[in-house]
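J.: Following the hints, position chain B against chain A.
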Amino acid sequence: MFSLQRLSYGAGPEGAKQGPKRGPLRGASRNAIPQPSFRAALDPCLLTLLKSLVATLVGVGIGLAATWLAVERDVRFGLVATGPWTSWPRSAYRDADPYTRASLARTGEIPLSLGEGLSFVARQDETGAALDPRCDYVVGGAIPPARYWTLTVMSPKGALIPNASERYGLTSAEIVRASNGAFEIAVSSRARPGNWLPAPPDASYALALRLYDTPASSSATALAASQMPHLRRGACS
Amino acid sequence: MSALDRLLGALPYAFAVVIVAGLTHILSILAMPYVATRDAFTRIGELAQANRFTLLPQARPGAELAPFSDPAMLMGVCRFNIADGPVRLRADLSNVDGLLAFSFHDRFGATFYGMTDRSSLRGRIDVLLLTQAQLEAVEALDPEDELPQDLRLVTPGREGFVLVRSLIVEQGDADAARKRLATASCAQEAPKR
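Taken in order, these protein sequences are the chains called A and B.
Residue 1 is where the first sequence starts when you use our numbering, and the numbers rise one by one after that.
Residue 238 is where the second sequence starts when you use our numbering, and the numbers rise one by one after that.
One or more hints might be untrue.
Said to hold, decoys possible - Chain A stretches covered by chain B per the calculated footprint, using a threshold of three residues with CB under 8 angstroms from any CB of chain B: (1) 76-89; (2) 111-122; (3) 146-156.
To be clear, the hints were calculated from the coordinates, so they are not data collected in a lab.
All C-beta atoms in this analysis are idealised placements derived from N, C-alpha and C, irrespective of residue type, glycine included.
Here chain A stands alone, though its shape is the one from the complex (with noise of 0.2 angstroms):
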């Protein structure tokens, strides 16, 4: 008696408890027409499926935009600065990082390796400020040792620009020096006296410097600014 009432006592609150819960849902499922039970097995599946694809598809995209930002950027590693002047001594090489061996597999560009000499490029002058086209920009002072080297102007993706003149660079054969061995080379849209490289007068540019057979190829990394030339500001229109 007493241990029936318990189990009474005891099931009637759980039954009282479970059974108007479980009564609704159960009833839910079983009397409800067809459809909502499909939608209510399958939604969720599906909706699951469903948000992994777009999240696939959207991480694809991400994936693909950032590697095409990276090559037409050029992203590299190992970049060399002295002063105004930019050089990637190993791009050239088997080890070179994959963004550079990516951007160069797309552009085609063939760097110089170190045997045969260095090359640097600057897209600003000595004080940081990007070349502009409108102003005059004068090259000259030190310059390491090298058996010949070359000045070119270029636009910012290395192609050449057409000029009057048909004339993109300059080599240290053709310049003029002063009797101690310094030189300055113009470089301006203006045709000026002495060393004048042309430049273009509306479009953004860049300068190009290589030493061939040079021996500051085995000290790329520790060329000091005082040893490259200095790239100075001049008159702008």
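T.: Relative to chain A, chain B alone:
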């Protein structure tokens, strides 16, 4: 459903996006050298036959071999394929007063050797490009009391190209640079057995 629940529910998907984006980015960067259609080797393949020395036209705006190439350098190229035998590159430098630069590239454009005419031996450049197996075959035929007269380079892969650059020392002096370049030759050796 609270905002927190929704956020927690979206977390695995955000995580998936980041991981998939990272993987795609890394894989596509690594795949670029294999899928690029305008790389140096392809460009050279359009201009030069295999195992022959080809003089390239002087760089002009809009007609350059590759970006950031020096317009003061006249270029010649030897696209090599050593599958059927070693390839020999020669240049005569006996009366060179300008500058000749040689760079040896694999199929992906990476340099495996670079030098200038300074490295010449008795006024000549004589380079034999070969595989490890071909090198062993060539060495077996070497006379024992003599040092080899050529530079032997084992190439990474069967295909690649050698770029020979000749400096146009002064503008208008392209003929002299062309003459220096024209002493270069490139030919496949008959396979020795």
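J.: Does the segment 146-156 of chain A contain three or more residues whose Cβ lies closer than 8 angstroms to a Cβ of chain B?
T.: holds (count 5)
J.: Is the listed coverage of the segment 76-89 of chain A by chain B valid when you require three or more residues with a beta carbon under 8 angstroms from a beta carbon of that chain?
T.: Violated: only 0 residues of the segment 76-89 of chain A have a Cβ under 8 angstroms from chain B.
J.: Count the residues of the segment 111-122 of chain A whose CB lies closer than 8 angstroms to any CB of chain B, then report whether that count reaches three.
T.: Result for this restraint: holds, n = 9.
Hint violations for this structure: number 1 only, all remaining hints satisfied.
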